[in-house]
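Asks: Each chain, letter by letter, is given below.
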Amino acid sequence: EPEVTQTPSHQVTQMGQEVILRCVPISNHLYFYWYRQILGQKVEFLVSFYNNEISEKSEIFDDQFSVERPDGSNFTLKIRSTKLEDSAMYFCASSEWRGTRNEQFFGPGTRLTVL
Amino acid sequence: AQKITQTQPGMFVQEKEAVTLDCTYDTSDQSYGLFWYKQPSSGEMIFLIYQGSYDEQNATEGRYSLNFQKARKSANLVISASQLGDSAMYFCAMKPGTASKLTFGTGTRLQVTL
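Protein chains in written order, with our numbering: chain A, 1 to 115; chain B, 1 to 114.
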C-alpha cells in the first residue's frame, strides 16, 4: 500500500542552524502539507502546497520556514535558523484532492531536536 | 475560525468492551469534514474514519463508528470490541470545505486493559 515517507526520522541540530526535512508523498497525490506536534501537544498545521505554490499557511509558518518541491517526488521543509521552540515532531501529509473529504495521509514524522 | 474540543485527556477501557471518545467542534462553515486519527506510541498518525457534514448516515469503518450529531456539533468516535492494540492517542480533526488544513483537538489517550 502506498505511503508517505519522511527522512530523517530524527534530526538533532544546534540553535541557529538550518535544517531541511524531507518527504516523499504518495505518488498520485497533488496536495502536500506540513504539520508539527510539540511534545505532548496537539498537531498544528503549518502549510499546504499545490501546483508548486503555497496554498495556505498558518501564523506559525513565518519567514524562517520555506517549502519546496525540488523534483517530481520530494517535498521539503526548510527551517533557516532553528530556535529551541522549533523542537517538535514534523509530519508531512499528502492528499489526492482538496475537497471536504480529502483524507490526508501522514508520514511517520521527523523528530527535530534543537539544542 | 474552527475549534475542536476533546474533553477527555485519558480513558480506560477493558478489552472487548466498547468505548466512546468525545469530540465537539465549532465552525461557521456549512460544509466541512470531520476526521479521527490514531497515534500509537511509535508516533505516526493513522487515519481512521471520516464524516461529512452533509452525510445523513453515521460513518462506520470496521470496529470504528462515528456518532455524528450535527445540531449538537459533536462527532464522537465509538470503538467496539476494544483490543490491546487500540491503546493510543486519538485525535479528532476538522476541515472546512473552503480550506486545506486540518484543525486538530488536543487528543484523548486511550488505554485498553485486560
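Please keep in mind that the hints were generated in silico from the structure rather than gathered at the bench. A portion of the hints provided could be inaccurate.
[Said to hold, decoys possible] Label pairs and their computed distance ranges (CB to CB):
no. : chain 1 : residue 1 : chain 2 : residue 2 : range
1   : B       : S42       : A       : Q14       : 20 to 30 Å
2   : B       : Q83       : A       : E1        : 42 to 52 Å
3   : B       : K70       : A       : K83       : 34 to 44 Å
4   : A       : E1        : B       : A81       : 16 to 26 Å
5   : B       : E61       : A       : N74       : 30 to 40 Å
6   : A       : R80       : B       : E15       : 28 to 38 Å
7   : B       : G43       : A       : S66       : 19 to 29 Å
8   : A       : I54       : B       : F12       : 41 to 51 Å
9   : B       : N58       : A       : H10       : 16 to 26 Å
10  : A       : H10       : B       : K70       : 24 to 34 Å
[To be verified] Listed next, the in silico SDA-like pairs over lysine to any residue satisfying Cα-Cα at most 20 Å (straight line):
no. : chain 1 : residue 1 : chain 2 : residue 2
11  : A       : K42       : B       : G43
12  : A       : K42       : B       : T113
13  : A       : K42       : B       : L48
14  : A       : K57       : B       : T98
15  : B       : K70       : A       : K57
16  : A       : K57       : B       : A1
17  : B       : K73       : B       : G62
18  : B       : K73       : B       : A59
19  : B       : K3        : A       : N51
20  : A       : K42       : B       : M89
21  : A       : K42       : B       : T24
22  : A       : K57       : B       : R109
23  : A       : K42       : B       : P96
24  : B       : K3        : B       : Y25
25  : A       : K42       : B       : K70
Just so you know, even glycine gets a beta-carbon here, dropped at the ideal spot from N, CA and C.
Asks: Run every hint past the structure and note whether it holds.
Replies: So, going through the hints one by one against the coordinates:
no.: 1; hint: B:S42 / A:Q14: 20 to 30 Å; in the structure: 27 Å, holds
no.: 2; hint: B:Q83 / A:E1: 42 to 52 Å; in the structure: 21 Å, violated
no.: 3; hint: B:K70 / A:K83: 34 to 44 Å; in the structure: 41 Å, holds
no.: 4; hint: A:E1 / B:A81: 16 to 26 Å; in the structure: 24 Å, holds
no.: 5; hint: B:E61 / A:N74: 30 to 40 Å; in the structure: 31 Å, holds
no.: 6; hint: A:R80 / B:E15: 28 to 38 Å; in the structure: 49 Å, violated
no.: 7; hint: B:G43 / A:S66: 19 to 29 Å; in the structure: 24 Å, holds
no.: 8; hint: A:I54 / B:F12: 41 to 51 Å; in the structure: 42 Å, holds
no.: 9; hint: B:N58 / A:H10: 16 to 26 Å; in the structure: 39 Å, violated
no.: 10; hint: A:H10 / B:K70: 24 to 34 Å; in the structure: 42 Å, violated
no.: 11; hint: A:K42 / B:G43; in the structure: 12 Å, holds
no.: 12; hint: A:K42 / B:T113; in the structure: 25 Å, violated
no.: 13; hint: A:K42 / B:L48; in the structure: 17 Å, holds
no.: 14; hint: A:K57 / B:T98; in the structure: 14 Å, holds
no.: 15; hint: B:K70 / A:K57; in the structure: 28 Å, violated
no.: 16; hint: A:K57 / B:A1; in the structure: 14 Å, holds
no.: 17; hint: B:K73 / B:G62; in the structure: 24 Å, violated
no.: 18; hint: B:K73 / B:A59; in the structure: 15 Å, holds
no.: 19; hint: B:K3 / A:N51; in the structure: 28 Å, violated
no.: 20; hint: A:K42 / B:M89; in the structure: 10 Å, holds
no.: 21; hint: A:K42 / B:T24; in the structure: 15 Å, holds
no.: 22; hint: A:K57 / B:R109; in the structure: 28 Å, violated
no.: 23; hint: A:K42 / B:P96; in the structure: 18 Å, holds
no.: 24; hint: B:K3 / B:Y25; in the structure: 6 Å, holds
no.: 25; hint: A:K42 / B:K70; in the structure: 24 Å, violated
Checked against the numbered hints above, the structure violates hints 2, 6, 9, 10, 12, 15, 17, 19, 22 and 25; every other hint is satisfied.
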